[in-house]
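Given two chains presented individually in distinct reference frames, assemble the corresponding complex, making use of the accompanying hints.
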Amino acid sequence: MSTPVENAADPLLVIDNIYKRFGTDADATVAVDHMSFGVKPGEFVSVIGPSGCGKSTLFNIIGGLLGDYDGEVRVGKERIDGPHPAIGMVFQEESTFPWRNVIDNVAFPLELRGVPKSERQDRAHHFIDMVGLANFEKRFPSQLSGGMKQRVSIARTLVSEPRILLMDEPFAALDEQTRLLLGDKILQIQQQLNQTTLLITHNLTEAVQLSDRIVVMTYRPGRLKRIVNIDLPRPRTSEVVGSDAFGHYVAEIWNDLREEASRGMVDAEASISRRSAARG
Amino acid sequence: MAATGAIAARPRKRTWLDLESGPAPSRSAVLGVRIVFAIVVIAIWEAISASGLFFGDVVPSLVKILASMWRLLIQDAFWTNLQVTALEILVALGIGAAAGIACGIILGANGFLRKAYEPFMYYFSPTPRIILFPIMIMWFGIGVESKVALGALSSFFPIALSTSAGMALIDKVLIRVGRSFRASAWQMATKIYLPAMRVPVLTGIRLGFGLAMITVLLAETKLSNKGLGYLVMQFYQRFDMPTLYALLIVLFLIAGAGNALIGRFERASR
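For the protein sequence lines, the chains are W and Y, in the order given.
Everything in the first sequence is counted per numbering that gives the first Met the number 0, starting at 0 for the first residue and increasing by one.
Everything in the second sequence is counted per numbering that gives the first Met the number 0, starting at 0 for the first residue and increasing by one.
One chain only, chain Y, in its complex shape (with noise of 0.2 Å):
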């Protein structure tokens, strides 16, 4: 068998940084590393919490965590903070993005204020929202508000900054498309601007997303009485780490699937 490829053309050779990829990867090819990939871990994880390196409770075994997130998802305090925690989220996302939205239009549209302001935005964009807490507890109080506050503020920026980006790239002659047809304002808005923007809109949103979701979270687990930020502070203080892992678990997914669910509407509108 060995020497019968002798003599076929060699595949030229590719080192493993190379973008003039070869033939693209099989759908079933990547499925299996995954999969590999999550097995390897958890035995990892298995073998360590075996081991009894660690003091007790520290790297709790699966099986530990998987019964504690059975108990915790059976538990009406897990879905009231989980209302709680969502409610936050999404109405910081809302205003974040609504004013977002309209900042980064009004600065796409106008080259005079984006010169002027988007350096501000720029710089500010990746401060820790977290630093502005004790000032949101000052103005909204210890509860709901001022998380929505502070998520809001984080979502704002990638999504204003985006928005203002993607007005600034959109084609010019598709605007002198829809004025040769006479194109009323209204017309031009719905339908140039917001289709042709709408794919780095959703970007911003999903970054949005994600930011107000982590500062939501921080904060909660800083100061409040309610929300899954502040349920895993309570674990963590209790020593319930078998709980605090399934809490973690089930935070992942609630946050891959809303990034899913950002990126599959992203990708239907491209």
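Bound-form chain W, shown alone (with noise of 0.2 Å):
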């Protein structure tokens, strides 16, 4: 395999014009409208925008587990076709193997890859030891919190050693306090790592707290509408949340926002009062 030459100023990761959309040419939604945007190295973006928007689409196309699109996804100069090593998803779903303890659940894509165990074994603690799970190595998942499985997940990911981490809504589920405590855990491992990061997100708190940049899209069709830098300082706490900076940033991108959710809302409120006049 051949590695084309890159400059550390060149996006690592390229979303270039992507379009999709879903059904019949008479009934269709377009999901995401010829989105561009790139991801430098050492990056952080997210992705936010309303619910419906396209954001998991976009996830899913980027992760390579999505085909049948126009536009490209590209890593440095190399155009994805389907799940590409370079890329490490994080999902926003429970996904750990219940059957597999800690320990044996992030080793799983180093078990596929053939890694002699005991090397595994060394990798996989290491991952876990950063996300702070180290007492919890033998323990299966039903015996974890939410949060300590998303970690066990995002554990899971990095000892792949993708180039770009992928997640999409991976705290989602879990409550605030819960929430803003993994950011402080991402934003250490990131600053650790210098891991280039993409994440997509609903959730305004958790783009600014973590973001370099913040892209965010219109509801259907998933367009971008804007992208802002967030200049708040490296390294970065929670405690960022209670700075004025912090304040004004969340103020302006709610602002793009609000209009795209509550078109979002009439939009779903729309569609269940047509279900429901329709069963009447």
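Just so you know, not all the hints are guaranteed correct.
Claimed, not checked - Restricting the straight-line Cα-Cα distance to at most 20 Å, the calculated cross-link-like pairs of lysine to aspartate or glutamate (DMTMM-like) are:
hint : chain 1 : residue 1 : chain 2 : residue 2
1    : Y       : Lys225    : Y       : Asp239
2    : W       : Lys184    : W       : Glu136
3    : Y       : Lys171    : W       : Glu168
4    : Y       : Lys221    : Y       : Glu144
5    : W       : Lys137    : W       : Glu110
6    : Y       : Lys225    : Y       : Asp75
7    : Y       : Lys171    : W       : Glu93
8    : Y       : Lys225    : Y       : Glu144
9    : Y       : Lys171    : W       : Glu92
Don't read these hints as lab results, they were simulated from the structure.
Right, here's the structure in full:
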């Protein structure tokens, strides 16, 4: 495999004019409408948008799990076609293997590659320690809390040492306080590994807390509305949530997002009343 | 003593049908109830036997049954017939499980086939397989083969149905995880699909084992020249009731042990 020459300033991940629609011509929904942006090496970018804006579609396209779209996703100069080893995905749903304990869950990607057992245990241990679960290696997912399970999933993806970490609302199912604390963990890991990260989220504080840049999406069809640079100091912790600048960014992005979110809400309510009218 | 507990908080009153149960029952209490139950059953049995209400050996005393059991267990005839029956059940279960898991995977993986064929399986599945025995005798003769065929047919359905249901219930995100780490088809099958389905598959095998055992023994009592079912009918025709009861007890124990063994696998793999 030839490695194209890459400049440090060039984006590592390129989303180039992605267009995806579902359904037939007569009754098609455009989920993603000509989105383009890039993520530079070491950068943390969030994509934020209201529910139903096509964020998860974008996640699946970048992860190579969804095909049949127009445009390109590139890692460096290489166009991706299916799941790519440079991209490590963390899913929104609880996705640990219930029949494997923590260390075997985390070692899974190494097992697939045929890494010898002692080496994969060592490497899994390193990342389990990084997400703060060193004392839980022999536990099974059923014995862990929701936040701990998501940390197992994150460690499992990190152990495969992806150049780009791609996460889809990994903390959506958790309460606000756990979410802030896990945000700290993510900040710490991201800074430690200088990990290029793309986070899909609908959570404003999470996006501002973690990101260097935020890509704001419109509600259906999902277009790029605006890209906001977050100039908060690094290294960062969740304490930043209390600062004036933080509040400023949240207000600014909410301003963009409010219109989109209310369009989404009106749409959802209309479809519910259509359904109940059809039933009645 | 009576007044001391009056001020203490009264526990919520529980009805006999109460899913929001109180403290877990203690193991010794459960064991105690079991022992008392066994003693009561034995006592009633002995009382009926001693009362002379029934003719001769219809309800023989336990002492007689245990003595017959001893004579039964030292006979070569018992062990050769046990071997025949055990072999029939195991081969039947092996064939039924292999075919059932294969069919279940095909149905589970393909929504169209599942929609098309599953109703047939659900309708045919509760039909007593013994009604096919005459056909099996015509095809395979009165020997071991017809019992194996019938037992395999019995165990096939629950195993196929629970495998296909188990496959359809696999958490889809786990499959996406496998794909995102670029697992090969073989790795997907062995590291995700099979472990994710192990509990329903083992449940199917346990049900299939029970059905295979029922069908094989039933077939042996109908028409055969070997096996424990054949032996049951021999004792019955000789009106050797104590030995018949002894054999039934041995059969209960074998069935219980088989179920417990598979159940242990099932729990261990949870």
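Violated constraints from the hint list, given by number and in increasing order: none
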